[in-house]
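Q: Below, each chain spelled out in residue letters.
There are 2 protein chains.
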Amino acid sequence: MPSLDPRSDPVDLTAALVDIASVSGAEADLADAVEHALRTRAPHLEVVRDGDAVLARTALGRPSRVVLAGHLDTVPVNDNLPSHRTGSGEDEVLHGLGSVDMKGGDAVFLHLAATLTEPRHDVTFVFYDCEEVEADRNGLGRIERQRPDWLRGDLAVVGEPSNAVIEAGCQGTMRVELRTGGVRAHTARAWMGDNAVHALAEPLRRLTEYRPRTVEIDGLTYREGLQAVRVGGGVAGNVVPDEAVLAVNHRFAPDVSAERAEAHLREVFDGYELTVVDRSAGALPGLSSPAAAELVSAAGGRVAPKLGWTDVARFAALGMPAVNFGPGDPTLAHTRGERVATAEIRHVAEVLGSWLGA
Amino acid sequence: MPSLDPRSDPVDLTAALVDIASVSGAEADLADAVEHALRTRAPHLEVVRDGDAVLARTALGRPSRVVLAGHLDTVPVNDNLPSHRTGSGEDEVLHGLGSVDMKGGDAVFLHLAATLTEPRHDVTFVFYDCEEVEADRNGLGRIERQRPDWLRGDLAVVGEPSNAVIEAGCQGTMRVELRTGGVRAHTARAWMGDNAVHALAEPLRRLTEYRPRTVEIDGLTYREGLQAVRVGGGVAGNVVPDEAVLAVNHRFAPDVSAERAEAHLREVFDGYELTVVDRSAGALPGLSSPAAAELVSAAGGRVAPKLGWTDVARFAALGMPAVNFGPGDPTLAHTRGERVATAEIRHVAEVLGSWLGA
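Residue numbers (the working numbering), protein chains in the order written: chain B, 1 to 358; chain X, 1 to 358.
No lab work stands behind these hints: they were computed from the structure. Built from N, CA and C at the ideal position, the CB exists for glycine as well. Any given hint might turn out to be false.
Unchecked claim - Okay, the calculated beta carbon distance ranges per label pair:
| id | chain 1 | residue 1 | chain 2 | residue 2 | range |
| --- | --- | --- | --- | --- | --- |
| 1 | X | Glu243 | B | Val133 | 24 to 34 Å |
| 2 | B | Gly219 | X | Ala236 | 46 to 56 Å |
| 3 | B | Val277 | X | Glu209 | 42 to 52 Å |
| 4 | X | Asp270 | B | Val277 | 51 to 61 Å |
| 5 | X | Tyr210 | B | Asp270 | 20 to 30 Å |
| 6 | B | Val235 | X | Asp79 | 35 to 45 Å |
Chain B extracted, bound-state conformation:
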């Protein structure tokens, strides 16, 4: 088993985590190493292995508890392992699969787990599997169903890359398919048919004229969106098509429930057949909770809205405030050139350390 020293420098620890490949579904080696590191180097924690997730927590009787959660898996290797570094000092960059998404966050959490023996809040650490694949394989979902007490707390911090800025809440996302029908005919006798592709002109017009909302919540600005993500239709080069489909992705601010967002889409596309393909509610920023306010303060007051959807929403659905805070530029995630400024890893470690430290 590859060995990890969880008390080592968070940047070195990030590199060590990157160098243990852990593509979704094949996280066992990394989960073994994390479990062993916690059992041997963090004896003050209760440690549980759940499939390829590793859970650990303090039980100090503090009045509040925070959950630090990070997934261990990555997207497939793309000629970007093992890790290497370029630059030095403040300009040092760590390259490699998972350096952004999200072994930098994992490394900080693992380092805090081993070094913070007397945190200000009780802390639960959740290192989980299968975040990068279908939602129903997500390890956090399995833990929620089978060990819900391990996710309870007063605030959750998900270590997904956020450029080392606290991102609060997240927008909801919904995908719908709009289908138009028609009557098939030979194009030489087109008047005997009814063209389902032509029938997309009106829904596309509504899309182009749609003005998405910009919403302020807790001082954060969320920008909604309504975008076609796929269009398809056609039978043959000489046939009037009798079916076409337009797939649309709606991103909605967390002041709107998934139900209300769906009702809104049905209004926008009134008169058309709409099928909801998937639907995930957003999460309100929840910055008014005391633990969250302390964290924002430790981060120097900087906070931004989260526009994409992350597992933060799973905690929000449990009624917990949750924020996203991790090193790395999310636009580099899933790219071959994935890389992180090591200064961001150190910054996140310092903020969380000063927030949770004595």
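Since chain B is already given, all that's left is putting chain X on it; use the hints.
A: Frame of chain B; chain X shown alone:
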């Protein structure tokens, strides 16, 4: 080799032709049988074998020559061989692959080849291969390149199914692809992108508002058409698409050249990138030629415009008037239930026989 009696009743001969399978590219058996029948039972004709095409002609020194052309191949077998008959008398129906497209026409031509030893016009018979596949495999194209004298004449009759009504001229057809571009972005940050699918709203609006021409030529009414036949675009469920394509099929009356039709489409879709995928000119009806006028008269004066594109246009491109005249309902072509009223086969045989007979 299966044997054919070209002097037998045209309906029996149609059934015999249907029962010799001749899917495109595998017409050799049928071409062998046709060649043998002509060499042995029509000694008054010059016969040439060209690949799997069979050519035959009189050389009587008549002042005019007509070309009767039919393809020997069919689309793939679809559980519709061998032939069988239902009904009787005027209601008799012959079922089977090729009964419509176009062994009824072939049978009439073969029967005339063997029985009309003293036709009023010199006659060239062209039984050719590979009409049902890519245009560059078409046997008529090969003959045009290699034996152009075999296609020359004052009128061509193509025996494609036309409900036993003379169809004159044919419309042109053109396929274009319109591409829209954009900028890819995550849908959570859609304002950083530019949606290529949304950009289809305007060309689709133009399509829905387009009013195709109706054109009168030689007393025939041609109805043009402009139809989307395919639409496609999309990267992933959470990505603003940066490319989309709309394929459009234009059917245009034979008073417009392919060049002018293309210029018209470029005007309709002004401002968009357009690629011509294929383009085939139509054919003017040419009913004013003496041979054509005689044929129309023999058919009792009934004539209709041809809206689809057929090999008639190949003859028109050679500067010859050409009509389509054959038994069978073209909408049954290429269907498993392909079938022809035998009365239509007899009607076509009678009309052509009285036109060409002494």
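Q: None of the hints should be skipped; say for each whether it holds.
A: Structure-based check of all given hints:
no.	hint	verdict
1	X/Glu243 with B/Val133: 24 to 34 Å	27 Å, holds
2	B/Gly219 with X/Ala236: 46 to 56 Å	32 Å, violated
3	B/Val277 with X/Glu209: 42 to 52 Å	31 Å, violated
4	X/Asp270 with B/Val277: 51 to 61 Å	36 Å, violated
5	X/Tyr210 with B/Asp270: 20 to 30 Å	26 Å, holds
6	B/Val235 with X/Asp79: 35 to 45 Å	22 Å, violated
Checked against the numbered hints given earlier, the structure breaks hints 2, 3, 4 and 6 and satisfies all the rest.
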